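Trainee: Sequence:
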Amino acid sequence: SDLLGKITVVGLMPMPFNCRISEFGKMVQVQELKKHYSIGVMPSTAFDESKLMIEGMFGGSVLPAGKGTFLECSMFPINAIIHPSRLFTLLSSWEEGNVLDENPLFYEDFTPEGALSMDETNKELIEIGKSLTAKGVAVDIPHIFDWLACYVYNEPKESTLQRFFQTNDAYKGFRCPLIPASSGKGFVPDFTNRYFTEDIPCGLCLYKGLADIAEVETPKIDEIIMYCQKYMKKEYVVNGKLVGKDVGETSSPQKFGIHTIDDLKKLYYPC
Numbered sequence: 001s002d003l004l005g006k007i008t009v010v011g012l013m014p015m016p017f018n019c020r021i022s023e024f025g026k027m028v029q030v031q032e033l034k035k036h037y038s039i040g041v042m043p044s045t046a047f048d049e050s051k052l053m054i055e056g057m058f059g060g061s062v063l064p065a066g067k068g069t070f071l072e073c074s075m076f077p078i079n080a081i082i083h084p085s086r087l088f089t090l091l092s093s094w095e096e097g098n099v100l101d102e103n104p105l106f107y108e109d110f111t112p113e114g115a116l117s118m119d120e121t122n123k124e125l126i127e128i129g130k131s132l133t134a135k136g137v138a139v140d141i142p143h144i145f146d147w148l149a150c151y152v153y154n155e156p157k158e159s160t161l162q163r164f165f166q167t168n169d170a171y172k173g174f175r176c177p178l179i180p181a182s183s184g185k186g187f188v189p190d191f192t193n194r195y196f197t198e199d200i201p202c203g204l205c206l207y208k209g210l211a212d213i214a215e216v217e218t219p220k221i222d223e224i225i226m227y228c229q230k231y232m233k234k235e236y237v238v239n240g241k242l243v244g245k246d247v248g249e250t251s252s253p254q255k256f257g258i259h260t261i262d263d264l265k266k267l268y269y270p271c
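When the count follows my numbering, it moves up by one through the sequence shown with no breaks and lands on 271 for the last residue.
Don't take each hint at face value.
As the list claims (entries may be wrong) - Calculated pairs, DSS-like style, for lysine-lysine (alpha carbon to alpha carbon, straight line, at most 25 Å): (1) Lys51 - Lys67; (2) Lys157 - Lys135; (3) Lys34 - Lys67; (4) Lys172 - Lys67; (5) Lys255 - Lys265; (6) Lys241 - Lys230; (7) Lys123 - Lys265; (8) Lys26 - Lys172; (9) Lys6 - Lys266; (10) Lys266 - Lys241; (11) Lys245 - Lys255; (12) Lys266 - Lys135; (13) Lys34 - Lys230; (14) Lys135 - Lys230; (15) Lys255 - Lys230; (16) Lys130 - Lys233; (17) Lys67 - Lys241; (18) Lys26 - Lys130; (19) Lys67 - Lys26.
Unchecked claim - Cβ-Cβ distance ranges computed for the label pairs, FRET-style: (20) Leu52 - Val30: 21 to 31 Å; (21) Gly56 - Lys26: 42 to 52 Å; (22) His36 - His259: 31 to 41 Å; (23) Lys123 - Arg194: 18 to 28 Å; (24) Gly60 - Ala138: 20 to 30 Å; (25) Ser92 - Gly136: 32 to 42 Å.
If you are wondering where the hints come from, they were derived from the structure by calculation, not from laboratory data. These numbers come from a predicted model, not from an experiment. Built from N, CA and C at the ideal position, the CB exists for glycine as well.
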């Protein structure tokens, strides 16, 4: 506890660089260096010092993530909103034994259905934030279009989620996490890819755990988790609650013994 009182924890979003490996352990290609960031800090009294540090490291503008809390960094809409929604709409009719004829570009081929699923998931996340705030844990969660598209990438307000992802240079050239089918013809999902193994247990399950604490129903988040967990051979959500046998592998509050709004208050408002 003495050491913890001397440590500042800073969450930074988005990641400063979009990179892809050219030669493992030696070289990457930097596709994008971000110019606008949001941060959350624990303790909150260290925000100004942390802001100066991030500006010195990466340049660009730095604003608080919502109210600037570390919880908001965990909740802000980014990978766990983007990747699962895109893949769920691509694969929702896929079953074991089926193959897909091609591996589409993840972003340039972004569909209206993917954008709608992303919007629905994000709106549920916003409702979780509103309920937590009403119960005494203040967070301010934006829509991904307003934050990522307009703030981070200066997308025009009159644009759309689909157009943003289809046309943004930072997202060009990335394929979906599919691998060649064993038959040698077509493609199948790679459920060991990080878009599943990170964004479900460390993203959507975190949102779901907070939703259970906040007493908010999340039908779209539940639908995506339930679909993915079947093929990941995991059990996270059971009967609409984050109570499955693999919750201990997630980044949800429940994994850390946080089950009530009072538990959250003790963590973020210890005094």
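Trainee: A separate judgement is required for each hint: does it hold in the structure or not?
Mentor: Verification of the hints:
1. Lys51 - Lys67: Since the Cα atoms of Lys51 and Lys67 sit roughly 14 Å apart, the hinted pair holds (cutoff 25 Å).
2. Lys157 - Lys135: 32 Å, violated
3. Lys34 - Lys67: 21 Å, holds
4. Lys172 - Lys67: At roughly 32 Å apart (the allowed maximum being 25 Å), Lys67 and Lys172 break the hint.
5. Lys255 - Lys265: 17 Å, holds
6. Lys241 - Lys230: 16 Å, holds
7. Lys123 - Lys265: With Cα atoms ~24 Å apart, Lys123 and Lys265 stay inside 25 Å; holds.
8. Lys26 - Lys172: 23 Å, holds
9. Lys6 - Lys266: Distance of about 19 Å is within 25 Å: holds.
10. Lys266 - Lys241: 23 Å, holds
11. Lys245 - Lys255: With a Cα-Cα distance of about 11 Å, the restraint between Lys245 and Lys255 holds, given a limit of 25 Å.
12. Lys266 - Lys135: 13 Å, holds
13. Lys34 - Lys230: 36 Å, violated
14. Lys135 - Lys230: This hinted pair is violated, its Cα atoms lying about 33 Å apart.
15. Lys255 - Lys230: 20 Å, holds
16. Lys130 - Lys233: 33 Å, violated
17. Lys67 - Lys241: 28 Å, violated
18. Lys26 - Lys130: Violated - the C-alpha atoms of Lys130 and Lys26 are around 45 Å apart, more than 25 Å.
19. Lys67 - Lys26: Since the Cα atoms of Lys67 and Lys26 sit roughly 39 Å apart, the hinted pair is violated (cutoff 25 Å).
20. Leu52 - Val30: 21 to 31 Å: For Val30 against Leu52, whose Cβ atoms are near 24 Å apart, the range 21 to 31 Å holds.
21. Gly56 - Lys26: 42 to 52 Å: With Cβ atoms ~27 Å apart, the hint is violated.
22. His36 - His259: 31 to 41 Å: Holds - the Cβ-Cβ distance for His36 and His259, about 36 Å, lies within 31 to 41 Å.
23. Lys123 - Arg194: 18 to 28 Å: 25 Å, holds
24. Gly60 - Ala138: 20 to 30 Å: Since the Cβ atoms of Gly60 and Ala138 sit about 26 Å apart, the hinted range of 20 to 30 Å holds.
25. Ser92 - Gly136: 32 to 42 Å: Holds - the Cβ-Cβ distance for Ser92 and Gly136, about 37 Å, lies within 32 to 42 Å.
The structure is inconsistent with the numbered hints 2, 4, 13, 14, 16, 17, 18, 19, 21, although it conforms to all the rest.
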